[in-house]
Amino acid sequence: MKKFLFFIFITLLFSCDKIDGDERFVPSGVEVKQSNRVVLVEDYTGQICVGCPEAADFLHSLSENEYKDKMIIVSMHAGMFAMGQPLFSNIANEYYNAKKFASNPMIWINRQEGKHSTSSTDWGPWILEELNDTLYCDIKSQFTYMADNRTLNIMSDIDILEDVKDCKLGIQYYIVEDNIVSFQYIPGGDYILDYVHHNVFRDAVNGLWGAPLVDVSGDITNLNYQKGSHYKYFHANYKLDDAWNADNIYVVSFVFKYTNDESNQIGEVLQANIVKLVDGNVETVE
Amino acid sequence: MNYRLLGTSLFLVTSSLLMAQEEERGFTLSGSLQTDVLFGEEDAAIGATKSENVSQSNTYLDLNLLSKYVDAGGRLEYMRDPLPGFVDNFAGQGLPYFYVTGKLKNVELTAGDFYEQFGSGFVLRAYEERSLGIDNSIRGGRLRLNPYKGINIRMLGGNQRYYWERSDGYLFGGDVELNVDQWFRRMQDNMWYLTLGGSYVGKYEKADDLILNPNDNSLKLNLPEIVNAFDVRANLQKGNYSFLAEYAQKSYDPTADNGYIYKKGTAVLLSGSYSKRGMSILLQAKRSDNMSFRSTRNVPKEDVGSTINHLPAFAYQHTYALAILHPYGTQPDGEWAYQGEFRYNFKRKTPLGGKYGTDIRLNFSHIRSIDHQLLYGGNVPMVGSDGYKSDFFKQGELYYQDLHVDISKKLSRSFKGNFMYMWQKYNMQAIEGKEGMIDSHIFVAEGKYTINKKLTLRAELQYLHTKQYEGDWAFALAELTVLPNLMFTVSDMYNVGETKEHYYLGMVTFNHKGHRLAASYGRTRAGYNCSGGVCRYVPASKGFQISYNLIF
Numbered sequence: 000m001k002k003f004l005f006f007i008f009i010t011l012l013f014s015c016d017k018i019d020g021d022e023r024f025v026p027s028g029v030e031v032k033q034s035n036r037v038v039l040v041e042d043y044t045g046q047i048c049v050g051c052p053e054a055a056d057f058l059h060s061l062s063e064n065e066y067k068d069k070m071i072i073v074s075m076h077a078g079m080f081a082m083g084q085p086l087f088s089n090i091a092n093e094y095y096n097a098k099k100f101a102s103n104p105m106i107w108i109n110r111q112e113g114k115h116s117t118s119s120t121d122w123g124p125w126i127l128e129e130l131n132d133t134l135y136c137d138i139k140s141q142f143t144y145m146a147d148n149r150t151l152n153i154m155s156d157i158d159i160l161e162d163v164k165d166c167k168l169g170i171q172y173y174i175v176e177d178n179i180v181s182f183q184y185i186p187g188g189d190y191i192l193d194y195v196h197h198n199v200f201r202d203a204v205n206g207l208w209g210a211p212l213v214d215v216s217g218d219i220t221n222l223n224y225q226k227g228s229h230y231k232y233f234h235a236n237y238k239l240d241d242a243w244n245a246d247n248i249y250v251v252s253f254v255f256k257y258t259n260d261e262s263n264q265i266g267e268v269l270q271a272n273i274v275k276l277v278d279g280n281v282e283t284v285e
Numbered sequence: 000m001n002y003r004l005l006g007t008s009l010f011l012v013t014s015s016l017l018m019a020q021e022e023e024r025g026f027t028l029s030g031s032l033q034t035d036v037l038f039g040e041e042d043a044a045i046g047a048t049k050s051e052n053v054s055q056s057n058t059y060l061d062l063n064l065l066s067k068y069v070d071a072g073g074r075l076e077y078m079r080d081p082l083p084g085f086v087d088n089f090a091g092q093g094l095p096y097f098y099v100t101g102k103l104k105n106v107e108l109t110a111g112d113f114y115e116q117f118g119s120g121f122v123l124r125a126y127e128e129r130s131l132g133i134d135n136s137i138r139g140g141r142l143r144l145n146p147y148k149g150i151n152i153r154m155l156g157g158n159q160r161y162y163w164e165r166s167d168g169y170l171f172g173g174d175v176e177l178n179v180d181q182w183f184r185r186m187q188d189n190m191w192y193l194t195l196g197g198s199y200v201g202k203y204e205k206a207d208d209l210i211l212n213p214n215d216n217s218l219k220l221n222l223p224e225i226v227n228a229f230d231v232r233a234n235l236q237k238g239n240y241s242f243l244a245e246y247a248q249k250s251y252d253p254t255a256d257n258g259y260i261y262k263k264g265t266a267v268l269l270s271g272s273y274s275k276r277g278m279s280i281l282l283q284a285k286r287s288d289n290m291s292f293r294s295t296r297n298v299p300k301e302d303v304g305s306t307i308n309h310l311p312a313f314a315y316q317h318t319y320a321l322a323i324l325h326p327y328g329t330q331p332d333g334e335w336a337y338q339g340e341f342r343y344n345f346k347r348k349t350p351l352g353g354k355y356g357t358d359i360r361l362n363f364s365h366i367r368s369i370d371h372q373l374l375y376g377g378n379v380p381m382v383g384s385d386g387y388k389s390d391f392f393k394q395g396e397l398y399y400q401d402l403h404v405d406i407s408k409k410l411s412r413s414f415k416g417n418f419m420y421m422w423q424k425y426n427m428q429a430i431e432g433k434e435g436m437i438d439s440h441i442f443v444a445e446g447k448y449t450i451n452k453k454l455t456l457r458a459e460l461q462y463l464h465t466k467q468y469e470g471d472w473a474f475a476l477a478e479l480t481v482l483p484n485l486m487f488t489v490s491d492m493y494n495v496g497e498t499k500e501h502y503y504l505g506m507v508t509f510n511h512k513g514h515r516l517a518a519s520y521g522r523t524r525a526g527y528n529c530s531g532g533v534c535r536y537v538p539a540s541k542g543f544q545i546s547y548n549l550i551f
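Chains A and B, in that order, give the protein sequences. Number 91 in numbering that gives the first Met the number 0 belongs to position 92 of the first sequence; there are no gaps in the numbering. Number 312 in numbering that gives the first Met the number 0 belongs to position 313 of the second sequence; there are no gaps in the numbering.
Chain A on its own, in the form it takes in the complex (with noise of 0.2 Å):
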């Protein structure tokens, strides 16, 4: 009896899985479909956050390799590690609120319900999940930009590729300036005080929760999306702020499912598009 419960002592001692360093991965299985989708990464951040360059870092890289022109990262400086510092904006405090979210780097993917997460390894696997999944929309926008008194026009086209039903569709612009020279706390204590800060939110140009997509009936009752159908949004005359550098500024569009909670508006990303204001032109980012 001894003999035995030995036996079984050891054999538990050493059926863990011991795995060697070149046994630590295997074959993944997934691949991204071939599809015009662009998620949107909302990255909730602050300037006091000690973890969030890496956080920052992480997702840039896989926006310049797995996932390149397929994802479009902005950087909302909200929460109480964005609290008081000169990149924070109301705005996106609102939105971080509104989930209830209470640490940094919170990173939300497509605004999905349940794809929010401070751990790294959830990011990919979820965008990767948004890039393989049904493509219902397209977007396409442009604007003109008067360099004289710093006024815009939005105008975007949206196509419906899959019949979208029971829900209300919004559109919604993203103010967002790209290489924001200012401080960054880094882990150890440090500081770096000309930290370069990519793709910073700085406003919601069409209020807070957007705008309904209508047809030309104006109808904002509907909730049905006929496959093939087209829609057309304009914003006139949106003032870029003075303390903004224009020559930085892009406008992030995207198209989404409104919610039924009224304190947390925007629901699922449909699709994103990306273009940069240039001085007097207009470029769309490949």
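Do not take every clue at face value.
[Unchecked claim] Looking from chain B toward chain A, a few residues come up when the C-beta cut is under 8 Å (computed): (1) 207; (2) 209; (3) 213; (4) 219; (5) 248; (6) 251; (7) 261; (8) 430; (9) 432; (10) 498; (11) 536.
No lab work stands behind these hints, which were simulated from the structure alone. Only a predicted model underlies this, so the values are computations on that prediction, with no experimental measurement involved. C-beta: ideal position from N, C-alpha, C; glycine also.
Following the hints, put chain B in place on chain A, whose structure we already have.
Structure of chain B alone, referenced to chain A:
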């Protein structure tokens, strides 16, 4: 608030009280009711927000039926809109805890939910801590037996609670404790007490999580399905001396906590104490490295759910308001921790003891990070790698330090004073991710005056001085106890340095037998609530709160 559920609960309690203590029938009914209700208000100055509902509450009703051979019980919980600071997963209602235990001679078998701890908790601690929202009870089976004198064996298996769901992984394990002194008469005669213990806990979790290689999404992590953890310990007592040595080890366990690295975890603890009438000395040291152990591998680091083990904090657990302004939470990545304490009682009618005697306590806690040499560069360990190298004795940055002296002295028949000075260093950068090391000097004076047989007045004055973060703080409290039932308390915590905000509180408490009812109104500062080294962030709040406790 679901008034129907609350009413049903109150009815059950009332019925139980009428049936209570039926010892002549061979069983005893006992239990408790705890409910805390906050009627919150918005207060933009301190960042307090209001719930959509009229009130927020956490309510627990425990009932236990005890008899000679069988015990049974359960707990109803109601927190549809929980108190501020509890995560979304915490909200819910139902019967998350129930059990039946059979007892016969030296054997006890439990089916259902149970709590258990092996040794210091390095490999297993299933417990409930309501203030932190922790309940990692195990649902399954547990066997306890004493087959022979001096031998205690426990075996268990099951699945842990994760808020209102279950963890993905399953636990199994056992613990053997040998009280060697019970086998040798000579040891008992000479007052030598030796206890040896050994524990094993295994976790099984399917390896179907898709953890992609961040640099190449065509590859995913090959995750171990079984993780093993062991613990050995020895406790020796001889007269006034006591020593404890404990070592624990965990096999490869790539999780969200450690960034999915393949590195073993270890923990070692040494403790020695000497105690005699009027004096005691305690010295302890602990090193932990990658010993966070969860029953669901993907639970985020900041989540308190699904923890299998518990790494005790070596920081003194203060109760004074300004001393716990920056409480320390055990760092799961690893730490070196030391604690020393010296207590002495100067006897009465001695020069230092005075007429009534004087108690003095000197305590020192010092906690540092362990050595972390990342194997592949960068600022965080690489996913799927061995993570980092760590020289055993090498230590890194200071996490926390607490040096305090506490003097307690009865100054007259009716007046007792307590005075404390504390020097605290708190690495807010490492612990909360915010800037800087906060270096504080804290002064506390407390007095308790017995006015007459019925009335006692207690007052506290505290001051915290620091040049960092929010600057200086001041705190004052006055408490009038009217025996046998009532207590009135008013307090205010004021930020002298930065915000100039007052965090005032007024409270009335009524106690009668097993009942305790407290009503309060005031503001609560945002901060961390810690217990036993585990912390929960609590947002600022303001409003009227009612708390009711009943034990029967």
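Tested hints:
This hint is violated: residue 207/B has a C-beta 12 Å from the nearest C-beta of chain A, more than the 8 Å allowed. The interface hint given for residue 209/B is met, as the beta carbon of that residue sits about 5 Å from the closest beta carbon of chain A, less than 8 Å. With 8 Å as the threshold, the beta carbon of residue 213/B comes within range of chain A, its nearest partner Cβ sitting at about 6 Å, so the hint holds. Here the hint on residue 219/B is kept, as its CB sits about 4 Å from the closest CB of chain A, short of 8 Å.
Interface hint status for residue 248/B: violated, as the beta-carbon distance to the closest one in chain A is roughly 11 Å, over 8 Å. Taken as an interface hint, residue 251/B checks out: its beta carbon lies about 6 Å from the nearest beta carbon of chain A, inside 8 Å. Given hint, residue 261/B at the interface with chain A, holds; its Cβ is 6 Å from that chain's nearest Cβ, closer than 8 Å. Hint on residue 430/B is violated. Least Cβ distance to chain A is approximately 11 Å, over the 8 Å limit.
Interface hint at residue 432/B: satisfied, since its Cβ lies 5 Å from the closest Cβ of chain A, which is below the 8 Å cut-off. Hint status for residue 498/B relative to chain A: violated, with the closest Cβ pair at about 12 Å, above 8 Å. Taking 8 Å as the C-beta cut-off, the interface hint given for residue 536/B holds, the closest approach to chain A being about 7 Å.
The structure fails hints 1, 5, 8 and 10 (numbered hints given earlier, in ascending order).
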